[in-house]
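Given only the sequences and the hints, what does the whole structure look like? Please build it.
Chains as they are written, first to last, in UniProt numbering: chain A, 1 to 307; chain B, 1 to 383.
Note that these hints are calculated values from the structure, not bench results.
Because the structure is a prediction, the values reported are computed rather than measured.
Idealized CB from N, CA, C, for every residue including glycine.
Some hints could be false.
What follows is a set of in silico ranges between Cβ atoms, one per label pair, in the way DEER data are often shown [to be verified]:
1. A:Leu-105 - B:Asp-76: 17 to 27 Å
2. B:Ala-286 - A:Pro-125: 55 to 65 Å
3. A:Met-284 - B:Asp-83: 33 to 43 Å
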Amino acid sequence: MPLTLLIEQALNGLQYGMMLFLMAAGLTLVFGVMGLINLAHGSLYMIGAFACAAVAAATGSFWLGLAASLAAAAAAGALVELLVIRRLYARDHLDQVLATFALILVFSEGTRWVFGSFPLYLSVPPFLSGPVSLPGGVTYPAFRLAIIVIGAAVALGLFWLIGRTRLGIRIRAGEADREIVAALGVDIGRLYTAVFALGAALAGLAGALVGTVQSVQVGMGEPVLILAFVVIVIGGIGSIRGALVGALLVGMTDTLGKALLPSALAQVMDPSSANAIGSAVASMLIYILMAVVLVLRPQGLYGQGAR
Amino acid sequence: MKYRTKLMAGIAAVAMAMAAPAIAEPVKVGMITTLSGGGASLGIDARDGFLLALKMAGDAGTEVEVVIEDDQQKPDVAVQLADKMIQAEQVDVLTGIIWSNLAMAVVPAAVAQGKFYLSVNAGPSQLAGSACHPNYFNVAWQNDNLHEAAGAYANSEGYANSFILAPNYPAGQDALAGYKRFYEGGLAGEVYTQLGQTDYAAEIAQIRASGADSVFFFLPGGMGIAFMKQYAESGVDIPLIGPAFSFDQAILQAVGDAALGVKNTSQWSKDLDNAANTAFVAAFQAEYGRLPSLYASQGYDTANLLLSAMAKADVSDADAFRAALKEADFASTRGDFTFGPNNHPIQDIYVREVIKEGDVYTNRIVGTALEDRADAYAADCKM
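What follows is the structure, given as C-alpha cells:
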C-alpha cells in the first residue's frame with residue numbers, strides 16, 4: 001500500500017474519530033454526571049443537522065447555519081431536560097431507556113412532519129470546499145481537515161471547562177455526590193439543565209458537520225448513537241479524556257481495518273474472498289476492540305473504578 | 001306466481017345483458033408501498049404517478065378503486081398488509097412494492113392465490129427466472145437492467161479499468177454482476193460497502209490510489225447522496241457511472257453541483273420525446289408542483305397498463321384479463337414497451353447526463369446504451 005494512501009486513510013480515521021468524540025462527549029457527560037442513559041442523543045444530532053440545513057438554505061450562510069445548529073440543539077436539549085428527563089433521574093435505567101426511546105420516535109416523526117421525508121441539501125462553505133494539498137503529496141478534502149481541527153478545539157475547550165472553571169468543579173462535584181453539592185447551595189436542577197444543554201449542543205454541532213459531508217435526513221442519528229455508546233464503554237463512563245481516546249481508537253480501528261484488512265488477506269487467499277471476508281471482519285473490529293477493553297478493564301480505559 | 005317469477009327473471013336477464021357491455025366490473029387495486037422512512041420518496045412518487053394516470057383517464061379511471069397502505073419498508077408489515085388486502089378487502093390486483101426483499105415476501109403468495117401483481121419497481125431475478133408466474137407482470141425493469149446498460153456504456157466510452165462498488169446485500173451483488181455481464185475491461189477494484197454506510201472517505205481514498213479510468217457505483221438513497229458529495233469534495237476526477245436510482249429528482253437536489261455531468265443509465269427520462277411522456281410530465285408538474293421521477297413514470301405506466309387491460313377484458317375472467325395485460329397495449333412514457341416471455345419489459349435503456357435547468361438539477365438523454373433489452377433470466381422461466 002502506497003504511503004500517501006496510508007496517510008490519507010489515517011486522516012480519515014482521525015476525522016471519523018473527532019466526529020465520534022463530539023457525539024460521545026455529550027453522552028458521557030450526561031451519563032457520568034446525571035447517571036442518565038439518553039437514547040435520544042442521536043435525535044439532538046439530527047436536530048442540529050436539520051437546523052443547520054434550514055438556516056443555511058434560508059440565509060445562504062453556512063456559518064449562521066452552524067450557529068443555529070448549536071442553538072437549536074441546546075434549546076431542544078434544555079427543553080427535553082425540563083419537560084421529560086427531570087422526572088427520570090430517580091428512576092432506574094430501564095425507565096430511562098423506555099422514555100428516551102419514545103423521544104426518538106417523537107423527534108423523528110416531528111422532523112418528518114416539518115421537513116418531509118426527502119433528504120435536505122447542505123453544502124460545504126466555499127472556502128472549505130475542494131481538496132487541499134498536504135506535505136508528502138497527500139491531497140485531502142479541506143472540510144474534513146476542518147472537522148479534525150474543530151474536534152481538537154472542542155476537546156481542549158472541554159478539558160479547560162471541566163478542569164479549570166467553577167462550572168467544571170460543580171459538574172465534577174455533582175458527579176461524585178449530588179446531595180452534598182445540593183446541600184452546599186448549588187442549584188443542582190439548573191446545573192443538570194446546563195450540562196444537558198451543553199451535551200446537546202455538541203451533538204448538534206456534530207450533526208451539522210456530518211450533515212454537510214453526508215446527507216441530512218430523518219433517522220440519521222441512530223447509527224451514530226450506537227457507535228457513541230461503544231466509544232464511552234471503551235473510554236469509561238463520565239470521562240472526557242476517555243471519550244476522546246475511545247473515539248480516536250474506534251475511528252482509527254474502523255477506518256484502517258476497512259482499508260488494510262482486505263489487502264492483507266489478499267496476500268494469503270484469492271482477491272474476491274479476501275475482499276468479502278476482509279470487509280466482514282473489518283466491520284466487527286470495533287466490537288472486538290470493545291470486548292477486549294472490557295475484559296482487561298471492565299470500567300473502561302479511564303473509568304472511575306467499579307460502579 | 002309462476003308467471004311472475006318467469007317475468008322477473010326475464011327482466012333481470014335483460015337488465016343484466018344491457019348493463020354488462022356498458023359498465024365492466026370495477027377493479028379493486030391494493031397498493032402496498034413505502035410512504036414513510038428513508039425510502040419514502042420512491043413510494044410517494046410511484047403512488048402519485050399511478051393516481052395521476054387514473055385521474056387523467058376520466059371515467060375509465062373511476063372504475064378503479066385503490067386501497068393504499070404504507071409498508072414502512074419492512075417485509076413483515078408488507079406481508080400483513082397483503083393478507084389483509086386479499087382476505088378482508090378482496091382486491092383483484094396488487095401493486096406498489098418498491099423493494100426486492102418485500103416483493104419476494106409478498107408476490108409468490110399473492111399470485112398463488114390467483115391475484116394479479118403488477119410491479120411498479122422491484123424486479124428481483126428469482127421472479128424473472130425460476131419463480132416467474134403468469135399473474136406477475138413487471139412494468140419497471142428486471143433489477144440487473146440498468147447496471148447492464150452501465151457496463152455497455154463503459155465499453156462504448158472505451159473504459160478499460162473500472163473501480164466498482166455497491167452495498168453488501170443481494171441487490172448490490174446483482175448490481176455488480178449486472179455491470180460485469182456487459183463490461184469487457186479489467187477491474188481496478190471491487191468493493192462491497194456496508195448497507196446504510198454514509199461515510200465513503202476510505203473507499204474514495206482507495207479509488208484515488210487505484211489508477212482506475214472509471215467508477216461504477218450502485219448506492220441507492222442517502223448512500224448515493226453522501227458518496228457523490230464526498231467524491232466531489234475529494235478532488236478525485238475519475239468519471240462516475242451509475243444506475244438512475246441515485247439520480248432521481250429528489251436525490252439530485254440534495255447532491256447539488258457534485259452530481260453535474262455524471263452519466264447514469266435509465267429506461268426513462270423526462271426529456272424522452274413521445275406524446276405520452278410529454279403529456280405525463282406536464283400533467284405531473286401541474287398536479288403536484290414538482291418534476292416527476294423515474295418511479296413516478298413507472299407508477300403512471302402501471303396504471304395505464306391496468307386500464308388498457310380493463311378496456312379489453314373483465315377482471316373476473318382471469319385468462320382473458322391476463323392475455324389483455326400481456327398485450328401491453330398502452331402508450332408508455334418510455335416509448336416502445338413490450339413484455340418478454342417472463343412478463344418482464346423489453347425496452348431501450350438510455351444514458352443520461354445530470355444537468356442544471358434554472359435552479360433545478362435534472363437529467364437529459366445523451367445516448368442509448370442498450371436497445372430492446374430483455375433480461376438475463378428469461379430462459380429460466382418456465383410458464
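Hints versus structure:
no.: 1; hint: A:Leu-105 - B:Asp-76: 17 to 27 Å; verdict: holds (18 Å)
no.: 2; hint: B:Ala-286 - A:Pro-125: 55 to 65 Å; verdict: violated (37 Å)
no.: 3; hint: A:Met-284 - B:Asp-83: 33 to 43 Å; verdict: holds (37 Å)
Violated hint for the displayed structure: number 2, the only one.
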